[in-house]
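The chain contents come next:
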Amino acid sequence: MFRSALFAPVVVAGLGLTSPVLAQSTVYIPAILELSGAGAVSGTNFRDGMLLAIDEINAKGGILGKKIDTPLLDTQSDAGTSRAQVQKVLDNKPYVILGPVFSGSVLVDMLLTQQAEIPEIVGGEAAAITQKGNPYVFRTSFGQQFSMPKIANYMRDGIKAKTVAVLWVNNDFGKGGRDTFIKEMNSRNIKVVADISTESGQADFSADVVKLKGANANAIFVYLNEEESARFLREAKKQGIDKPLVGETTLLGQKVIDLAAGAANGVRGHVGLTVDAPIPAVQEFAEKFKKRFNYACDHNGIKGYTAVYFIKHVTEKIGKFDSKAFAQAAHGITITPKDEPGILMEATWDKNGDIDRISFLGEVVDGKQKIVETLPKLGN
Amino acid sequence: MASFIQLLVSGLATGAIYALIAVGFTLLWQTSQTINFAQGEFVMLPAFFVLAAMNAGAPFWMAVLIGIALSIVILGILFKIIIVDPMIKYGVLPLVISTIALSLFLKESAKDFYSSQAQPFPALVPAIDIRIFDAVVSTQSLAVLAVAIVTVVALNLLLNKTRLGRQMQATAQNATLARILGVPVRRMVLYTFLLNAVLVAVASILVSPIYLAKFTNGETLGIAAFIAAIIGGFNQVRGAVLGGVILGVLDNLSAAYISSQYRGAFPLIILIIVILLRPQGLLGRIEERSV
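Protein chains in written order, with our numbering: chain L, 1419 to 1798; chain G, 117 to 407.
Since the hints were made in silico from the structure, they are not lab data. Heads up, some of the hints might be wrong.
What the hints assert, rightly or not - Reference listing, derived: stretches of chain G covered by chain L, where coverage requires no fewer than 3 residues with Cβ under 8 Å from a Cβ of chain L:
| hint | region |
| --- | --- |
| 1 | 188-199 |
| 2 | 221-233 |
| 3 | 282-288 |
Said to hold, decoys possible - Under the rule of at most 30 Å between Cα atoms (straight-line distance), these lysine-lysine pairs were calculated in the DSS-like manner:
| hint | chain 1 | residue 1 | chain 2 | residue 2 |
| --- | --- | --- | --- | --- |
| 4 | L | Lys1756 | L | Lys1738 |
| 5 | L | Lys1484 | L | Lys1506 |
| 6 | L | Lys1742 | L | Lys1550 |
| 7 | L | Lys1485 | L | Lys1661 |
| 8 | G | Lys277 | L | Lys1706 |
| 9 | L | Lys1511 | L | Lys1485 |
| 10 | L | Lys1661 | L | Lys1609 |
| 11 | L | Lys1756 | L | Lys1735 |
| 12 | L | Lys1735 | L | Lys1580 |
| 13 | L | Lys1709 | L | Lys1786 |
| 14 | G | Lys227 | L | Lys1709 |
| 15 | L | Lys1795 | L | Lys1708 |
| 16 | G | Lys227 | L | Lys1593 |
| 17 | L | Lys1485 | L | Lys1786 |
| 18 | L | Lys1601 | L | Lys1795 |
| 19 | G | Lys227 | L | Lys1786 |
| 20 | G | Lys227 | L | Lys1708 |
| 21 | L | Lys1506 | G | Lys205 |
Every residue, glycine too, gets a C-beta built ideally from N, C-alpha and C.
Produce the entire structure from the sequences given, and follow the hints as far as they go.
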């Protein structure tokens, strides 16, 4: 009797199963993130923001009395690996899945989560993610179809550009952004005089910068991942590019600014999420994040943090752990900081899973991102 | 013309770094028949040694010396004793597989013990623009080029103008005969590993301000240098230098003037052409082996 009582939990643990007692007291919300490879900066920021929120919620008793159980699985910034990780966690019947951040991985994973009817809260920004009629995918930041019109307006009204050059990374994120941006430029009669693609993980940007200089556009739109953005900015400074460099959230992120070591000064653009937002709740979050992880959080940290509070709020609203009911309730929901302080800024999810909230225009000054204007929600 | 000069200088700087790594490939091959598929990771690692030393409070110049010293011990002596010596007796293939395993180990270790995120790395000289025929050329590119040239020239002098170098060459050409003539072959082989460690450390210090220090850096650098060594001639140091320079310049010019989308394909096309027309490499010599 004694031996079998001792033996059973050992076997259960050995098989990688959760014990019934543990399963009853926790809710399984795995996170599939870019913890290594080209997307490591994005993935680790998302992870740390998420862990901060999970610890806060668990310290207060969890969601509906259950602690959040979030194992971390690495996609290695590879869509195939990401899909395999999703397949693996689906076998354990998750309530909701967090991540990934890379759009290419999201586009592959979301077919599996849709089939399994499990909501997936993602960090990807490619426009295509929410254009496929998948009712189980929800964003934590703007899709490109929301952010690019704002940048296009800035190019026309702020920079007063008549011609632009576009430098983009050849992956799902970059291609989606490039396509949407060029469409927006055409609709505003701004001519695209150079259209330059680069590789994910590219280290040497000297040839690309020479081509950009040769294009002699009024402004240059840069749409790369974090590390590539920093390498490009260093090369652009080295070769003395003097045209306005305009980008989206990534280009103005603090990690990019730190890596670019002075070369990011003067960069401008639209920022969907930033810890420098003139909002006390966001700044308080940024301080907590820095204190715990000893580095400055970027927009992906805010995505991770608010994603967990989004799950908490919707779950408490439906009053049960039902994945299908979650997906139904999350469409059309508006969460305000008054209802859920962890959401930081009022946010609305539409019928496609796209998010709408206020955003910002920023500029890098003396190695810091400075917000120069707050833009209202598109739905206002 | 200005753009061409800029691309040329930048390509030469990149090519010079490839050349240093490729020379290491050829040195190890010639003296110990070692094809080191962890060579890229050998270039990635010293940057983290330097950063760790700087985090411990060392100034940059001292951190660089510490980085080179640690590279000599870990990537030179320990690599030879722990990996090469036990495996080489079983032939080239088991050793190749061992170095592939080592590359994975080093990559994951750098990620786990330091960070998965890219780290800024100090440049050797401040970024000042110099105008040459209307082209803006950075002092950083020129410094990379200068350090790489000095390193290759010093290596050449060591190999050709000193007694030690001639003993190393004798070992590379015919170890049995060198041993009969009184050359301490085992020690010469060890020196080659130490030289390779110094070369990769120098390459790491030159490339990291451009690439940023990251655990994945070795993937592209290792492949580029391997291709450079084959193009130039795997059994000739000067061939590896030429291969590296060709690759660096070609990469930049093709990306600017032909297609940035297909820039990765051009070195491979050159590699195929060289293998078809001159399999021993541009400056390599034909090696015959008895079966």
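How the hints compare with the structure:
Interface restraint, the region 188-199 of chain G with chain L: violated (0 residues with C-beta to C-beta distance below 8 Å; minimum three). Coverage of the region 221-233 of chain G by chain L holds in this model, with 3 residues showing a Cβ closer than 8 Å to a Cβ of that chain against a need of three. Here the region 282-288 of chain G counts 0 residues with a CB under 8 Å from a CB of chain L, which misses the bar of 3, and the coverage is violated. With a CA separation close to 22 Å, the supplied pair L:Lys1756 and L:Lys1738 stays within the 30 Å bound.
A C-alpha spacing of about 23 Å is found between L:Lys1484 and L:Lys1506, which places the hinted pair at or below 30 Å, so the restraint holds. Taking the CA atoms of L:Lys1742 and L:Lys1550, the gap is about 18 Å. The hint holds against a cut of 30 Å. With a CA separation close to 52 Å, the supplied pair L:Lys1485 and L:Lys1661 exceeds the 30 Å bound. Proposed proximity of G:Lys277 and L:Lys1706 is contradicted: the alpha carbons are some 62 Å apart, above 30 Å.
Our distance criterion of 30 Å between C-alpha atoms is met by L:Lys1511 and L:Lys1485, whose separation comes to about 16 Å. A threshold of 30 Å between alpha carbons decides the hint, and for L:Lys1661 with L:Lys1609 the separation of about 16 Å falls inside it, so the pair holds. Proposed proximity of L:Lys1756 and L:Lys1735 is supported: the alpha carbons are some 15 Å apart, at most 30 Å. Among the hinted pairs, L:Lys1735 with L:Lys1580 is inconsistent with the structure: their alpha-carbon atoms are about 49 Å apart, more than 30 Å.
A distance of roughly 18 Å separates the Cα atoms of L:Lys1709 and L:Lys1786; the hinted pair therefore holds under the 30 Å criterion. Between G:Lys227 and L:Lys1709 the CA atoms are separated by roughly 22 Å; this keeps the pair inside 30 Å, and the hint holds. Proposed proximity of L:Lys1795 and L:Lys1708 is supported: the alpha carbons are some 28 Å apart, at most 30 Å. With a C-alpha separation of about 29 Å, the suggested pair G:Lys227 and L:Lys1593 falls inside the 30 Å cut-off, and the hint holds.
A distance of roughly 37 Å separates the Cα atoms of L:Lys1485 and L:Lys1786; the hinted pair therefore is violated under the 30 Å criterion. As the CA atoms of L:Lys1601 and L:Lys1795 are separated by approximately 22 Å, the hinted pair is consistent with the 30 Å bound. The hinted pair formed by G:Lys227 and L:Lys1786 meets the criterion: a straight-line CA distance of about 27 Å does not exceed 30 Å. Between G:Lys227 and L:Lys1708 the CA atoms are separated by roughly 21 Å; this keeps the pair inside 30 Å, and the hint holds.
Restraint check for L:Lys1506 and G:Lys205: not satisfied, since their Cα atoms lie roughly 42 Å apart, outside the 30 Å limit.
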